[in-house]
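Novice: Sequence:
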Amino acid sequence: MKSASKHRNKKNRAAVGEPYPVTKAVTHIRLVEANPGKLAALDALAPVYLALCQRYVTLFCTQEMPDKLRDPLYATPLSERWHRVAIMQAVGIAQSWRSNRAMAYQQYQHDLQCYQAHHTDGTADAPAKEPQWHEWNVPTLHQPCLQANVNVVKLEPSRDSTYDYWLSISTLEKGHPIQVPVKLSAYHKEALTDPKTHQVRKLNSSVQLNK
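Anchor point for the sequence shown: position 35 equals 34 in numbering that gives the first Met the number 0, and the numbering is continuous, going up by one each time.
In case anyone wonders, no lab produced these hints; they're calculated from the structure. A quick note: this is a predicted structure, and the numbers were derived from the prediction, not measured. There could be a bad hint or two in this list.
[As the list claims (entries may be wrong)] Subject to a maximum C-alpha distance of 25 Å in a straight line, what follows is the list of computed DSS-like cross-link-like pairs (lysine-lysine):
| # | residue 1 | residue 2 |
| --- | --- | --- |
| 1 | Lys210 | Lys182 |
| 2 | Lys173 | Lys201 |
| 3 | Lys210 | Lys153 |
| 4 | Lys173 | Lys210 |
| 5 | Lys201 | Lys182 |
| 6 | Lys153 | Lys182 |
| 7 | Lys188 | Lys173 |
| 8 | Lys37 | Lys153 |
| 9 | Lys173 | Lys67 |
| 10 | Lys153 | Lys173 |
| 11 | Lys153 | Lys67 |
| 12 | Lys153 | Lys195 |
| 13 | Lys173 | Lys37 |
| 14 | Lys37 | Lys182 |
| 15 | Lys153 | Lys188 |
| 16 | Lys37 | Lys210 |
Throw the hints in and build the complete structure from the sequences for me.
Specialist: The following block contains the structure:
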C-alpha cells in the first residue's frame, strides 16, 4: 500500500512568496494484519480491476484521446465508482504513453531529416543507415496496481492504540466494504513526522494498492 502526506491542503493554493505545497509518498505499507477473508476479497477485486483498466488503456492509446470524464463503455461487475477510478488510472497511463511516443517520433523525424540532408549534399557517412520508425506497443498491465481515491478507499485514523489507521475498501460485493487495519513501521512514522515541529502530518485521500 502507498499513501501520501502533505504539508498544506491543495485547495489552499500558496500565495506569491509562500512555500509551495509539497506532497510526499509513504510507500510499502504492508497489509499483513488483514485476515484471509478480507485478503481474498481484495484478491477477487484486483484482476477484475486490472482487466478493465487494460481495456481503457488500449482504447485511449489506439482509438480515442484520453478523457477522464468519458462515459463508461465496458460491462464489468465493478461498481460505478471503481469503474470511474479505472478510467482515470487508464487516462494517466495513456497520456504518458502518448507523450513519450510523440517525443520519440519527433526525434525519429529529426534523425531522418539529418540523414536525408547528408545524403543530398554528399556528406553522409558510408555505413550510416536510414533511420526506421518502429511502432510502439500498447502498454500491458501485468501486476495489479489500484490508484484509488476516497470514493472507493477511505483511510481513517484508528480510535485505539492497536493500529494506526483503518482502510475501508469497496469490493465486488456492493454495500459490503472491508475494513483493513494498517500498522505503521518506525520508518513510516518518521516519514510522516515534521522534523521541525515534531507533529504528525495528515495523510490525504490518495491510496495506491499493489500486490
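Novice: Evaluate each hint against the coordinates.
Specialist: Quick rundown of the hints versus the structure:
no., hint, in the structure
1, Lys210 <-> Lys182, "17 Å, holds"
2, Lys173 <-> Lys201, "29 Å, violated"
3, Lys210 <-> Lys153, "18 Å, holds"
4, Lys173 <-> Lys210, "22 Å, holds"
5, Lys201 <-> Lys182, "15 Å, holds"
6, Lys153 <-> Lys182, "15 Å, holds"
7, Lys188 <-> Lys173, "34 Å, violated"
8, Lys37 <-> Lys153, "15 Å, holds"
9, Lys173 <-> Lys67, "23 Å, holds"
10, Lys153 <-> Lys173, "16 Å, holds"
11, Lys153 <-> Lys67, "21 Å, holds"
12, Lys153 <-> Lys195, "29 Å, violated"
13, Lys173 <-> Lys37, "15 Å, holds"
14, Lys37 <-> Lys182, "16 Å, holds"
15, Lys153 <-> Lys188, "19 Å, holds"
16, Lys37 <-> Lys210, "14 Å, holds"
Of the numbered hints stated above, those contradicted by the structure are hints 2, 7 and 12, listed in ascending order.
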